[in-house]
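Student: Residue numbers (my numbering), protein chains in the order written: chain A, 39 to 396; chain B, 39 to 396.
Where hints are given, some of them may not hold.
Which copy is meant is left open, so a pair is good if it fits within one copy or across any two.
Straight-line Cα separation of at most 20 Å, SDA-like style, residue types lysine to any residue; simulated pairs [what the hints assert, rightly or not]:
#1 Lys230 x Leu199
#2 Lys230 x Gly203
#3 Lys262 x Thr61
#4 Lys230 x Arg170
#5 Lys329 x Asn115
These aren't lab readings, by the way, just hints derived from the structure by calculation.
There are 2 protein chains.
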Amino acid sequence: MSDFMSDSTPDPVPGAAGSAGRTISSREIRLASRPDGWPTPDNFARAATELPAPRQGQVLVRNLFMSVDPYMRGRMNDAESYFPPFQLGRPLDGGAVGVVVESRAPGLLPGVHVLHGYGWREYAVIDAGQARVVEEIPGVPLSAYLGVLGMPGLTAYVGLLDIAGFRRGEAVFVSGAAGAVGGLVGQIARLKGASRVVGSAGSDEKVAYLTETLGFDAAFNYRKAPVMDQLARAAPEGIDVYFDNVGGDHLEAALAAFRRYGRAAMCGAISVYNVTEPPPGPRNLSLVVGKRLTLRGFIVSDHLDRLPDMIAEMGTWLRDGDLTFRETVVDGLENAPAAFVDMLRGVNTGKMIVRLVH
Amino acid sequence: MSDFMSDSTPDPVPGAAGSAGRTISSREIRLASRPDGWPTPDNFARAATELPAPRQGQVLVRNLFMSVDPYMRGRMNDAESYFPPFQLGRPLDGGAVGVVVESRAPGLLPGVHVLHGYGWREYAVIDAGQARVVEEIPGVPLSAYLGVLGMPGLTAYVGLLDIAGFRRGEAVFVSGAAGAVGGLVGQIARLKGASRVVGSAGSDEKVAYLTETLGFDAAFNYRKAPVMDQLARAAPEGIDVYFDNVGGDHLEAALAAFRRYGRAAMCGAISVYNVTEPPPGPRNLSLVVGKRLTLRGFIVSDHLDRLPDMIAEMGTWLRDGDLTFRETVVDGLENAPAAFVDMLRGVNTGKMIVRLVH
């Protein structure tokens, strides 16, 4: 804790002077510099800050869990992406689940759990409209709202069902299948009647997890042999849907494996997040024409209207024990940068979570 | 004529012996060998053949016009594409308009004009179900049913409206815009209220034709400077729809120019038809995610149900003088192979047509 205090002088919070004057001490992680390639510890700074007390319509939330996600890497660059870039010297942000500890908003009583977008900090003062109340499901940790019931879950759900238009009886391939999103894509496909579910992952342990725990029909380690060859063996009759988490040679392999009218949901290209020169695209892209393929990119934040549907359906599967998910939980705000980089490197299995209170 | 006779021994026509015994002499172009790269005259052979007289339910058609199209290049390879490959030693086929000269099919009287799939030959004996009766539109040649009112017209119509989902007020970019399909895409977009229509073509004359005759808002010669730079200048506010006729660097440029939620209709990649090693794909394909783009390939033969809609709407535009089209007409069946290669090399402006009777 004390190393947070010594890192940095507290930043005056805009508007603090106009409130009751009382402030709340909080710690946060800021962007110290922009990475060139892989992020390093130098890119992050720990800092202490003083928050203003909540005003009318606001709540003070103590964060319990925060999320580290691939898309945050893009926000560390100084370029307009699908989210605005993080600002130098300002705290990072992202999904978090917290508990309301002080409220000036009707209906958001202290003790209520909320999902919101002010992660990477201990406390946050937020407008009631920016917080979504979440219900605890018996046997399921609240961190699920950052994973299986949160943006990764929605990404899997919307990508497979709405973007790729998966239908019962089709064969599905998922790259990055041991990740937070990929593992759910495969399971949703299985629960909705896929004829075959194939996944790729970056280690033999993960591959075993896919077939033995998540119920994938086949899986392979993409580091061991060309993806195109391995996919052809794992899905000898071809695929109808490809859920792309990684880009690169996986997409080329999927194009080759597609049957006619195949659809790819393109969901971030983790393989190019940390490269400075983008790799060439797939050499076989012209297959899109002959096979009548559709490649469709999407950003989950465009599809928040589907969150209630997703939580209802996935929540039922969770309660019934039909859906398995795994978290890699790292304790302590100070370890969030390392957790983030580990996630980018694929150290985690399932959703990478940072627990702030334990 | 006599050089047809000397080229080749007539092929016995299967089933001829079982018919009335009378035969019809016809000339045809056969596939003599498969090209490696660009087709050459050696790949084609002229031949004379004897056709059986039509049986019950069949008509004898004399071809007036035949079509040469880019997709035929793919059929010259010995590989399953979206159409079956042409067979060595057998006549080529493709779209043709002819006149019924003998009929054993009710409702298809002699003198009726029909559109059918047995081009590359003087005469064809065809089942009534394989022939579609076409009406002559005043002032419009019958060859229009091979172009503006035929497969190129349907390709433009379906690709722009159904595949790319063009909507009034959007900006459209078309590659190969002086071709049979591209020129129609731009005009349909204009007639349906595009905010901006931009085309690329391979010569300054074609570029002038696009802006001066077809009503494109801007056009450029892709041989003169990088497509990405020229497109950025021609569509400084970006594009919503890209109609891809060529693949390659045009697609890369379109990906860069797309606004959010842009859609590409991918219609054949003429730039790779004659290359033996496919070029790398676009380096910026990951933009598909951030911009939420959709790339969708299609084959016009999947969309024949839209032919009546297209003929009705485009026919009205033609009658009203709202739609301009141009044909490059080559006379004589014996010149069809050269016309085909010229079309692949982009010598034509508008639809390349071979006239068999004049």
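Student: List in ascending order the numbers of the hints, as given earlier, that are violated by the structure.
Tutor: 3, 4
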